[in-house]
Amino acid sequence: MQSEMVTLTVNGRRHEVPVPPHATLLQALRDLGYTDVKNGCEKGDCGACAVLLDGRAVNSCLVLAWQADGSEIVTGAGLGTLDDPHPLQEAFADAGAAQCGYCTPGMIISAKALLDRNPNPTEEEIREAIAGNLCRCTGYAQIIEAIQRVSE
Amino acid sequence: MTAYERKPLSEVDLSPMRQVGKPLRRVDALGKTTGTTVYAGDFEMVNMLHAKVFRSSESSARIVGLDVSQARALEGVACVLTAQDLPDARLATDMPGQTGQEERKGSKAPVLASDRVRFVGEPIALVAAETLEIAERAVGLIDVEYEPLPGVYDPLEAMKPGAPKVSEPDNVVATWKVNKGDIEAGFAQADHIVENTFTTHFVDHAYLEPEAGVAWIDDQDVINIRVCTQVVEHFRSIAEAVGVPHNKVHVQGTMIGGGFGGKEDITVEIFLALLTKATRRPVKLVYTREESILAHSKRHPFIITHRTGVTEDGRIIAADIEMIANAGAYPYLSPYVSLYATVTANGPYRIDNLRVDTKAVATNNPFTSAFRGFGAAQSAVAYEQQMDEVARVLGMDPLEFRRANYLETGDENAIGQEIESAVWLEEEATRALAALGDRTPDDGPVRVGRGFATTMQSYGRIMWFHDTSRSWVGMEQDGTVVVRCGAPDVGAGQVNSLCQIAAEVLGVGLEDVTVYHSDSALTPLAGTTTATRQLFMSGNATLKAARMVREVLVERAAEHFEVEPEAIDLAGRRAYVKDDVERELPLSDLAKMCAADGMKLQHLALFTAPFTDQLDPDDLHGDLFPDFTFSAHAVEVAVDTETGEITLLKSVGCHDVGRAINPTAVEGQIQGGSAQGIGWALMEEVQVDEGVTQTPSLSEYLIPTAKDLPKTQAIILESGTGVGPFGAKGIGEPSLTPAAPAVANAVADAIGVRIPDLPITPEKVLEALDRRRAGG
Chain F
-8 MQSEMVTLTV
2 NGRRHEVPVP
12 PHATLLQALR
22 DLGYTDVKNG
32 CEKGDCGACA
42 VLLDGRAVNS
52 CLVLAWQADG
62 SEIVTGAGLG
72 TLDDPHPLQE
82 AFADAGAAQC
92 GYCTPGMIIS
102 AKALLDRNPN
112 PTEEEIREAI
122 AGNLCRCTGY
132 AQIIEAIQRV
142 SE
Chain A
793 MTAYERKPLS
803 EVDLSPMRQV
813 GKPLRRVDAL
823 GKTTGTTVYA
833 GDFEMVNMLH
843 AKVFRSSESS
853 ARIVGLDVSQ
863 ARALEGVACV
873 LTAQDLPDAR
883 LATDMPGQTG
893 QEERKGSKAP
903 VLASDRVRFV
913 GEPIALVAAE
923 TLEIAERAVG
933 LIDVEYEPLP
943 GVYDPLEAMK
953 PGAPKVSEPD
963 NVVATWKVNK
973 GDIEAGFAQA
983 DHIVENTFTT
993 HFVDHAYLEP
1003 EAGVAWIDDQ
1013 DVINIRVCTQ
1023 VVEHFRSIAE
1033 AVGVPHNKVH
1043 VQGTMIGGGF
1053 GGKEDITVEI
1063 FLALLTKATR
1073 RPVKLVYTRE
1083 ESILAHSKRH
1093 PFIITHRTGV
1103 TEDGRIIAAD
1113 IEMIANAGAY
1123 PYLSPYVSLY
1133 ATVTANGPYR
1143 IDNLRVDTKA
1153 VATNNPFTSA
1163 FRGFGAAQSA
1173 VAYEQQMDEV
1183 ARVLGMDPLE
1193 FRRANYLETG
1203 DENAIGQEIE
1213 SAVWLEEEAT
1223 RALAALGDRT
1233 PDDGPVRVGR
1243 GFATTMQSYG
1253 RIMWFHDTSR
1263 SWVGMEQDGT
1273 VVVRCGAPDV
1283 GAGQVNSLCQ
1293 IAAEVLGVGL
1303 EDVTVYHSDS
1313 ALTPLAGTTT
1323 ATRQLFMSGN
1333 ATLKAARMVR
1343 EVLVERAAEH
1353 FEVEPEAIDL
1363 AGRRAYVKDD
1373 VERELPLSDL
1383 AKMCAADGMK
1393 LQHLALFTAP
1403 FTDQLDPDDL
1413 HGDLFPDFTF
1423 SAHAVEVAVD
1433 TETGEITLLK
1443 SVGCHDVGRA
1453 INPTAVEGQI
1463 QGGSAQGIGW
1473 ALMEEVQVDE
1483 GVTQTPSLSE
1493 YLIPTAKDLP
1503 KTQAIILESG
1513 TGVGPFGAKG
1523 IGEPSLTPAA
1533 PAVANAVADA
1543 IGVRIPDLPI
1553 TPEKVLEALD
1563 RRRAGG
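So the protein sequences, as listed, match chains F and A. For the first sequence, the numbering used here begins at -8 and goes up steadily by one. For the second sequence, the numbering used here begins at 793 and goes up steadily by one.
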């Protein structure tokens, strides 16, 4: 099958791009230059590629780009910048929640989705929310602390 | 605050330590949390090709035919390389980068297999094509004909006469021996002799970032490689394998998405160099997760047997320890991993009569090499379980028994090296156990147990490697600081530590310091980010360079204020007279004055570790490591005796880090390192069947999630006795080492039976309980 045009609105920018049917949203986003969406496994095991798709956190490697046609997508870098970081990005930085940083954008997306629907989660709810995001550096304690700082 | 704004001096911290020791936000943190940091796989170049590696599907076979003609003919394929195209492409598999150390004989392996493959995943051919899709199709068109050869997968089998040869002449790639005192005389005096065998297994580093890189050739004919590596100094081996002078390979290290030893050996960079040289075009190579697990090293499985002689009052008077390490198909760092295991075989305990006999043995398995803990973690799994078993035989409390045998400052370790720094094992163990708090009660079939481990782990490389690091520190005319240091940053805060040290010495804040790092040509060479050495080595080099800059600033300020240099201090972006703080000068003005006077505000410092000669492998005796970190970890577990399920309830790590340069970062090391140790003990295993990995992705190879681990409480002690900057010791590897044996001891405490083979899975728990019920 041939590529078809899809419309993706990413971090407020609208893109119309030709995408082949088998391309994942992860591939499409990285091809568009959103390299903060990380590729860690391409099969939904690690969560490094998590983005908000119409407000819901998804592993972008498990969504076909065609399925995201017409959707609003927010990546980790879409939440804030070095000049104007999102409170979660500040808290992760202050709490030591980013070591190598490779899981961090996806982890923050999962945290954002959680706090959007539950501004005061328990520790168990935080653990549940990030259970699909693997981190190999921190043992998760400082990540949980960062999310708690923002939820308080 | 910009470089020119300064708080009033009354608001500036004038205590002896202003930056070092503070839990400051790491300088690399916000780039990472905002997704701004660019990793090796994120780069693209114009006119770039995409590469794939064709790998062996066989663990032991002769290659009798290799046909790449169809792959070469595929439209869009720029290049296919085989061993035939690269007769001289061989790489040393040991001693990554660094110094002028001689290679071990027989350590060179072909970059691409020619006539023989020894493990599943061994590279055979390289493809570069216009798109990744075409490269993948081309790899599928490569036709190889194998003639199977007998393989050997068990190191004990591999040592038998007549075993298939993986490594000439006898599959033994390293042997180390310790002979101290008279063990037969020691055993003769023993009241009890306790013998046990413990085993560990293959483990994957499972860093979140698979190996990746981009290479290109520039207008000076230099091969540039932008890659995630713990060792930018591989440029030398790469140059030799490719056949160009050393100064024609330039490795530009990126921020690394986790390494843990797995990015210590060469990964994608050699393939990139060969392909860009062959095509004269930029080439990108990114491993999938599956390829990463197939292609990079694993943690060595060990078989360790302890025979320990003790007196009734709890003194160890003799120990005979035998270790066999599974080296996999090629040596890589097996000789050194097994050396670390040998030297720490008896743990942090005084044993006058000691024999250790260690062999690393080649098999047709994935090759094994560096992994956080580097053999000393495997030895700890054995000696700390053995300590509990001996205590049980003696009827002594495990801490009481250890206390009677702990090394102290001034004692000699297994090979006669005197321990010069603080040894706070007893306090660490006591505090870690106390921090577990009230014991959780048993709940029906769910039994609760506690265990701890106390360990020693070196920091800094083996001293006969003659390790060095360089760092350059300069002050700009606005008073801001630049550090240039070739240290790769694996995410543990290597760059940030250099920043805190430079800021401390030069009286500025972290925001005033920019660190350029990880570049084999543009930053001074700082050695490997391995062996828990960067803070010790590059921290000291940066401290030295920053002090040289400070000396110039102080001299010029003293002249300006007409006082002695001793009267001047630097803080809050200014120089000032210590006992007359109204007399102050912004560093921006002072730096300009120095520049106008032609004074040198840029300094390159060399830091050298102590240098020693190589020790005799058949009789190890002498100084081997710069120093050691001593650590304790305690845990509480709940074991469901009906299902075998193990739940970690509490976890505490207590470490004397000498000096915490950044306590938040140290806490992160303790929590993250112990998480890897706990995963190793309970759930992680690369299962290999006749050389074929049965756990090819993160769906089968399970690492701990946020739901598997309680928070590890980190207790940081600071003796100030380390050989790092400001008395720091290392914490990267030591954070992991005591965690796995602590878990093993806790499970044994919970169910009353020991499971000597990691990982301790529910199946093994149930099997052990059945065995006990059957009276076995």
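Please note that a few of the clues may not be correct.
Here chain F is said to cover these stretches of chain A; the calculated rule only asks that three of the stretch's residues, wherever they fall, bring their Cβ under 8 angstroms from a Cβ of chain F [claimed, not checked]:
#, stretch
1, 858 to 867
2, 995 to 1004
3, 1241 to 1252
4, 1333 to 1343
5, 1452 to 1461
Here are some chain F residues pointing at chain A (derived, C-beta under 8 angstroms) [unchecked claim]:
#, residue
6, Arg4
7, Arg5
8, His6
9, Pro9
10, Pro12
11, Gly67
12, Thr72
13, Pro78
14, Cys91
15, Ile99
16, Pro112
17, Glu116
18, Thr129
Honestly, the hints are just simulated from the structure, not real lab data. Using N, Cα and C, we set each Cβ at its ideal position, and we do this for glycine too.
Hint-by-hint comparison with the structure:
Here's how the stretch 858 to 867 of chain A fares: 0 of its residues keep a CB closer than 8 angstroms to some CB of chain F, so the rule of at least three is not met and the hint is violated. Counting residues of the stretch 995 to 1004 of chain A whose C-beta sits closer than 8 angstroms to any C-beta of chain F gives 6, which meets the bar of three, so the coverage hint holds. Counting residues of the stretch 1241 to 1252 of chain A whose CB falls under 8 angstroms from any CB of chain F gives 0; the rule of at least 3 is not met. Counting residues of the stretch 1333 to 1343 of chain A whose CB falls under 8 angstroms from any CB of chain F gives 0; the rule of at least 3 is not met.
A stretch counts as covered by a chain when three or more of its residues have a beta carbon under 8 angstroms from one of that chain; for the stretch 1452 to 1461 of chain A and chain F the count is 4, and the coverage holds. At its closest, the beta carbon of Arg4 (chain F) sits 15 angstroms from a beta carbon of chain A; the interface hint therefore is violated under the 8 angstroms criterion. Because the smallest distance between the Cβ of Arg5 (chain F) and any Cβ of chain A comes to about 20 angstroms, over 8 angstroms, the interface hint for this residue is violated. This hint is violated: His6 (chain F) has a C-beta 17 angstroms from the nearest C-beta of chain A, more than the 8 angstroms allowed.
Hint on Pro9 (chain F) is violated. Least Cβ distance to chain A is approximately 14 angstroms, over the 8 angstroms limit. Violation of the interface hint for Pro12 (chain F) is found here, the shortest Cβ-Cβ separation to chain A being roughly 13 angstroms, above the 8 angstroms cut-off. With 8 angstroms as the threshold, the beta carbon of Gly67 (chain F) comes within range of chain A, its nearest partner Cβ sitting at about 4 angstroms, so the hint holds. Because the beta carbon of Thr72 (chain F) sits about 6 angstroms from the nearest beta carbon in chain A, less than 8 angstroms, this interface hint is met.
The criterion of a C-beta within 8 angstroms of any C-beta in chain A is not met by Pro78 (chain F), whose closest approach is roughly 11 angstroms, and the hint is violated. Taking 8 angstroms as the C-beta contact cut-off toward chain A, the hint placing Cys91 (chain F) at the interface holds, the least distance being around 3 angstroms. For Ile99 (chain F), the interface hint holds, since its Cβ comes within 8 angstroms of a Cβ in chain A; the closest pair sits about 7 angstroms apart. Interface restraint check: Pro112 (chain F) against chain A, minimum CB-CB distance 12 angstroms, threshold 8 angstroms, status violated.
Taken as an interface hint, Glu116 (chain F) does not check out: its beta carbon lies about 11 angstroms from the nearest beta carbon of chain A, beyond 8 angstroms. This hint holds: Thr129 (chain F) has a C-beta 5 angstroms from the nearest C-beta of chain A, less than the 8 angstroms allowed.
Hints 1, 3, 4, 6, 7, 8, 9, 10, 13, 16 and 17 from the earlier list are contradicted by this structure; the remaining hints agree with it.
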